[in-house]
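Q: This is what each chain is made of:
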Amino acid sequence: MSEFAIETEDLNVYYGKNHVIKNMNLKIPKNTVFAIMGPSGCGKSTLLRSFNRLLDLNKIARVQGSVKLFGEEIYSNNTDSIVIRKDVGMVFQYPNPFPHLTIYDNIAIGLKMNKLVKDKNEMDSRIEWSLKKAGLWDEVKDRLEDYPSNLSGGQKQRLVIARAIAMKPKVILMDEPTANIDPVGSKKIEDLIFELKKDYTVVLVTHTPAQAARVSDYVAFIYMGELVETGKTGIIFTSPKSKTTEKYLMGELV
Amino acid sequence: MREKFEMDMENLKRNVEKMANLVLSMLDDSVKSLKNLDTKLADEVISRKGKLAEMDESIEENALRMVALYQPMAKDLRTIAAVLKMITYLYRIGRYGKDIAGITKALEGKQHIAKLVEIPYMANKVGEMIRDVINAFIIEDISQLNDFRERDDELDSLRYSIFRECLTYMMEDPRNITQCSHYIMVAKYLERCGDHACKIAEKIYYMVTGKRIEIK
Chain X
3 MSEFAIETED LNVYYGKNHV IKNMNLKIPK NTVFAIMGPS GCGKSTLLRS FNRLLDLNKI
63 ARVQGSVKLF GEEIYSNNTD SIVIRKDVGM VFQYPNPFPH LTIYDNIAIG LKMNKLVKDK
123 NEMDSRIEWS LKKAGLWDEV KDRLEDYPSN LSGGQKQRLV IARAIAMKPK VILMDEPTAN
183 IDPVGSKKIE DLIFELKKDY TVVLVTHTPA QAARVSDYVA FIYMGELVET GKTGIIFTSP
243 KSKTTEKYLM GELV
Chain D
7 MREKFEMDME NLKRNVEKMA NLVLSMLDDS VKSLKNLDTK LADEVISRKG KLAEMDESIE
67 ENALRMVALY QPMAKDLRTI AAVLKMITYL YRIGRYGKDI AGITKALEGK QHIAKLVEIP
127 YMANKVGEMI RDVINAFIIE DISQLNDFRE RDDELDSLRY SIFRECLTYM MEDPRNITQC
187 SHYIMVAKYL ERCGDHACKI AEKIYYMVTG KRIEIK
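Chains X and D supply the protein sequences, listed in that same order.
Here the numbering used here is used: position 163 in the first sequence is 165, and no number is missing along the way.
Here the numbering used here is used: position 32 in the second sequence is 38, and no number is missing along the way.
Okay, chain X solo, but in the shape it has when bound (with noise of 0.2 Å):
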């Protein structure tokens, strides 16, 4: 198998006429944190979204090239695109928990459709251990049947990422999670992504260096849609090769 999760090779993505990913070449390894950094609008979420082939329910969106995960090529004509998402889980900037089922069914729903827990049982400690994982279990474990409205925004994104684990994936992939979460709530969220990588490889977008900095052990920097630089965090942090990351981390390009 391959030393790394997720391979991109010439990948190029376009909407309609845009070109918003060009000829990107990227290697995730696994069981770390990779971090996707780069000003708004660069193409950071495009690439996330190319790495389980979320891109396919956009109409306009066209992906050319490569992408490989764990050695395996996601954009061939037989792969399930369900398959794929199964191994890698996705969690949003906005908290998304299924308003309408409660904490406990906003993680048994996915583990139900996909049958992959054979009771009752089963279930109790597969939703257990997810919530544990995610660091949720001790503040709601005595209201599992209560709906996630009544959580904190930092909770709710817990929530979502627990629903995420409980589909054992390989790969998580987080498009700015604390974006729209208070100081306690990220920290929490960021301390959880320490935790994960050691069972998981997680892919972080983010527009916040010092969230990059603080929790990634790789760094892709990502500008107008080209991949400028990419290694160790804290090489790339404190002495970056290019010019425009050098000014990206310096707060001088816009």
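For each label pair, taking beta carbons as the anchor points, the in silico distance ranges come out as: (1) Asn60(X) <-> Lys222(D): 53 to 63 Å; (2) Arg20(D) <-> Asn27(X): 36 to 46 Å; (3) Arg8(D) <-> Val186(X): 24 to 34 Å; (4) Gly108(D) <-> Asp184(X): 51 to 61 Å; (5) Asn130(D) <-> Lys189(X): 49 to 59 Å; (6) Arg137(D) <-> Thr210(X): 35 to 45 Å; (7) Gln150(D) <-> Lys245(X): 17 to 27 Å; (8) Asp105(D) <-> Val186(X): 50 to 60 Å; (9) Asp147(D) <-> Asn27(X): 31 to 41 Å.
List time: in silico DSBU-like cross-link candidates among lysine-lysine, alpha-carbon distance up to 30 Å: (10) Lys245(X) <-> Lys217(D); (11) Lys205(D) <-> Lys249(X); (12) Lys32(X) <-> Lys234(X); (13) Lys32(X) <-> Lys217(D); (14) Lys245(X) <-> Lys205(D); (15) Lys249(X) <-> Lys217(D); (16) Lys243(X) <-> Lys10(D); (17) Lys243(X) <-> Lys19(D); (18) Lys249(X) <-> Lys24(D); (19) Lys243(X) <-> Lys205(D); (20) Lys91(D) <-> Lys245(X); (21) Lys134(X) <-> Lys172(X); (22) Lys91(D) <-> Lys249(X); (23) Lys170(X) <-> Lys190(X); (24) Lys91(D) <-> Lys222(D); (25) Lys194(D) <-> Lys46(D); (26) Lys234(X) <-> Lys172(X); (27) Lys243(X) <-> Lys91(D); (28) Lys249(X) <-> Lys19(D).
Hints in this document: simulated from the structure, not taken from any laboratory.
We treat Cβ as the ideally placed atom computed from N, Cα and C, and that holds for glycine.
We have chain X already, so just place chain D on it with the hints.
A: Just chain D now, kept in the frame of chain X:
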């Protein structure tokens, strides 16, 4: 935000320059006091040590405050890291100035064994290195640091030549030993000051380019 940061950074760099000027004045005046056996000037140099410590502390505090407030990255971070190291090297150079002034005082009432030529010449070379390094820091231009290895070698040779000369005086007459030991110490201090200037040059090189070099 960037503007505020840049203003703070400009101030920080100006304060390092001010500290360097104080250090240079301590070094230059201490050697002048030694050359002319001027204890009044030596006292003046020694009295500047309080100001030196004060600047070291206040620049460190300002640099730490900037790290806390702005979480600088890339070159901004390298610049602040360079400042934090530079002030320690500058502080040490200033203290050597104070030590040389102390030697002037120890020689009170005595006369030099021979005309003091090499020590002021060496001090002059060290002063030039410090001036160049601070200038490189302010204008962020590393081209003037290229010959630092040769300049450091020259200082080593000068120290050795002072040592050899003192040995002959000491062998000639053991009563010269105390005074010559002082000269040897001064030469050693000046050589160390040169080493500190080289370390500052390394830090500035890293600050500007993000790459490390070793000058020795």
